Amino acid sequence: MKSFTNVKDLGNLNDAIKEALEIKQNRFAYKHIGENKTLLMVFFNSSLRTRLSTQKAGMNLGMNTIVLDVNQGAWKLETERGVIMDGDKPEHLLEAIPVMGCYCDVIGVRSFAQFESKTFDYEETILNQFIRYSGKPVFSMEAATGHPLQAFADLITIEEHKKSERPKVVLTWAPHPRALPQAVPNSFADFMNEANVEFVITHPKGYELDEKFVRGAKVEYCQEKAFEGADFIYAKNWAAYQDPNYGKILSKDRSWTVDSAKMNLTNNAYFMHCLPVRRNMIVSDDVIESPQSLVIPEAANREISAQTVLKRLLQ
Amino acid sequence: MKSFTNVKDLGNLNDAIKEALEIKQNRFAYKHIGENKTLLMVFFNSSLRTRLSTQKAGMNLGMNTIVLDVNQGAWKLETERGVIMDGDKPEHLLEAIPVMGCYCDVIGVRSFAQFESKTFDYEETILNQFIRYSGKPVFSMEAATGHPLQAFADLITIEEHKKSERPKVVLTWAPHPRALPQAVPNSFADFMNEANVEFVITHPKGYELDEKFVRGAKVEYCQEKAFEGADFIYAKNWAAYQDPNYGKILSKDRSWTVDSAKMNLTNNAYFMHCLPVRRNMIVSDDVIESPQSLVIPEAANREISAQTVLKRLLQ
Amino acid sequence: MKSFTNVKDLGNLNDAIKEALEIKQNRFAYKHIGENKTLLMVFFNSSLRTRLSTQKAGMNLGMNTIVLDVNQGAWKLETERGVIMDGDKPEHLLEAIPVMGCYCDVIGVRSFAQFESKTFDYEETILNQFIRYSGKPVFSMEAATGHPLQAFADLITIEEHKKSERPKVVLTWAPHPRALPQAVPNSFADFMNEANVEFVITHPKGYELDEKFVRGAKVEYCQEKAFEGADFIYAKNWAAYQDPNYGKILSKDRSWTVDSAKMNLTNNAYFMHCLPVRRNMIVSDDVIESPQSLVIPEAANREISAQTVLKRLLQ
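Chains as they are written, first to last, in this note's numbering: chain A, 1083 to 1397; chain B, 1083 to 1397; chain C, 1083 to 1397.
If several chains are the same, the list does not tell them apart, and a pair holds so long as it fits within one copy or across any two.
Taking lysine to aspartate or glutamate pairs in the DMTMM-like style, the calculated list, with each CA pair at most 20 Å apart, reads:
| hint | residue 1 | residue 2 |
| --- | --- | --- |
| 1 | Lys1330 | Asp1170 |
| 2 | Lys1106 | Asp1187 |
| 3 | Lys1106 | Glu1241 |
| 4 | Lys1084 | Glu1101 |
| 5 | Lys1330 | Asp1168 |
| 6 | Lys1330 | Glu1198 |
| 7 | Lys1171 | Glu1371 |
| 8 | Lys1113 | Asp1187 |
| 9 | Lys1158 | Asp1367 |
| 10 | Lys1334 | Asp1170 |
| 11 | Lys1171 | Asp1367 |
| 12 | Lys1334 | Glu1173 |
These are calculated hints, taken from the structure and not from any lab test.
Just so it is clear, the structure is predicted and the values come from calculations on it, not from any experiment.
Based on the provided sequences and hints, a complete structural model is requested.
Laid out in structure tokens, this is it:
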């Protein structure tokens, strides 16, 4: 594996899940693999789970880990050639990225969608510059259009909790006060479309995601109908993707909040969310605190998905 | 030991001191104990000594160490259930704390008194939420009402320097331009009350500390009288504890500054302070620079107190 | 070696280069040297290359590494004795520095020139306080008047690429929108004056550097003339050193920008710069992207210069 940005990079998904579950059984069994290897984690945006779980994953593998917080305000990178750099950007990415590549063996990058240009975001400009110029294996720690370490952890969690061969998994939009990127729902769809699940997406009209990730999955605009018979409810907010509303909030309709009345429509479904979550916007207190809530096991599996990816990037 | 927040958690204090002094003799002798164990240090407030000494202590024990700086302004945690989280707090502590617990084996927490609610501070709301929800051993790296790693380091330092079986130790208030928490004097009293010392507290009227920590120790309002025959002078500022003045500055009287004239009243006492210290407010230049000043040895013993506590939490 | 601040601290320069090149061949061969040793890196200013390369160098040697970012705004150190510390500086360097020394075996310090007082800057007040009060070996990670780890990396890079016994090396001033310290050109001159090179400095009148570093090296005010026959062009901006213009910008003349027309005057010279670099101010896109550009190999050698220095400080 040369880089990790989407489900395809894992190859056979059953093998990947199997490998992840083996790692979870004995996470220090591969400590020799990372000896004298350095993991550099570059954050253009803040992070709690990704920072801690990926660092832990690297250390489980015996790697040296370095965290670099790029203060978005202070360290602006020029991206265009030919510019006279006499303004507020002191360094060009064409230097900064290969330099970072000099001091490590694997690079993780977090760089959120900026919602200034749909093309800039959906071409994954920043992440692809790291892949192209760093000279080292690169993995996404949530980029503009995807969060594959999260989706892989979600898949592992579903595998651990599913009660039937092919469970029904519903990705539901839910309201939020701020405009959020589509990275998490994109990657979740990317993974579910390759997994052995019945996958349904539900959201208000206008919130359609990029077909590159949806790939013909069933979209049901009635949330109640979508929830019927579901084994897993995966809630998430996202801002609009479709033009001309890219990055905009079209609805804050709290009738889409996941509560126990809606969960009662399901097949005693598990509740999932990537965190951080706004309670009583995305989900009610009682649902997230119920025994069916998997939000903490999902977070715990972030260490496992990261370690599986790092192990493969090192091998 | 399941958590470390006060002197009682150490059990027999002579045994703890003995263990600390053994560790100091050979601080790498227990490197196997922390193998494949991760120390997570969570800072809600800034830190110099605690950050460096605790990290060093963890590494001495062979632990992986992760430092998480929680920017107080950026990452506000909702603490109430039932709230519709549509404001400036993006995550609930009920998720954030168990998530942090997923990625480590021991958690240190720094969270100062906020002086907004005496009840919130003195119930140690934040620290206790970590103890209750993280699922991992928790230790205080200075919480709202105590700084036990500091007080333990102070006790070790007194043990190393005492010239009599039962030295006289005086905790004296001193002036400061800003309102400071009572964490350090509380824990110092907590430890001195269990140690084999003659313990006296001196401060202006109105600065009485919580009886939970003072526990009937002698309070002498005349600083000069308190200093007579003292073997150790421990200076510290704190804001008022008693209602209705909780968190307020009642005096900036520089006649309480510890200077050489006052030190001359003592039994050639050692001078102690937890640092950082405001010179010529708390203490004069000549006293802090004198051969009797123990401020640097105290700071050095922070590594030892932290390592002793971590060793016990791991065992 | 007790500290590392300039070329003299390396002793015989050929031996140092030889040692560096050996380390580069097998950078994990000395992992036992740093076992149970702690590297503390103290940053008063931001950093990309120095932070990553020095941390990597310490880890290559098996050291525990701790990075301390001293937020310049938040953590002001009082430097004068006798001051009543009732203002915005909560700690005195006379305490802070020995405390930092308690928790490590080697200290790296980054503290840029502040351009407020030439005396304060050129006496290396901050760096020398660390040397005097920390009690531990100290090395510069760029101080007010020098950046010796950079200059040592530059020398290694020249050694690796030189095509004649005694190449011509030209340090050229180039324009920049902000006032920059003289640390890099000072150290580059300091090293080149001891190396087996023909060293020429070129800059507009008024940009003369401190004679302590120039030491009689040839200064040629005509950039074109300086470039004739050059084997290495080392570009850098700096603000004026000479009184009464210390720290001022005297010129932003873009006719000094290094472009391919000027490089054509040389002996097919290599282009060098310490980075970060402002393209089309300091150097044109085509020159920095040409096969003759050594900016990335220079950056990569920062790991080697740091590791060589750390190895010597530990031995």
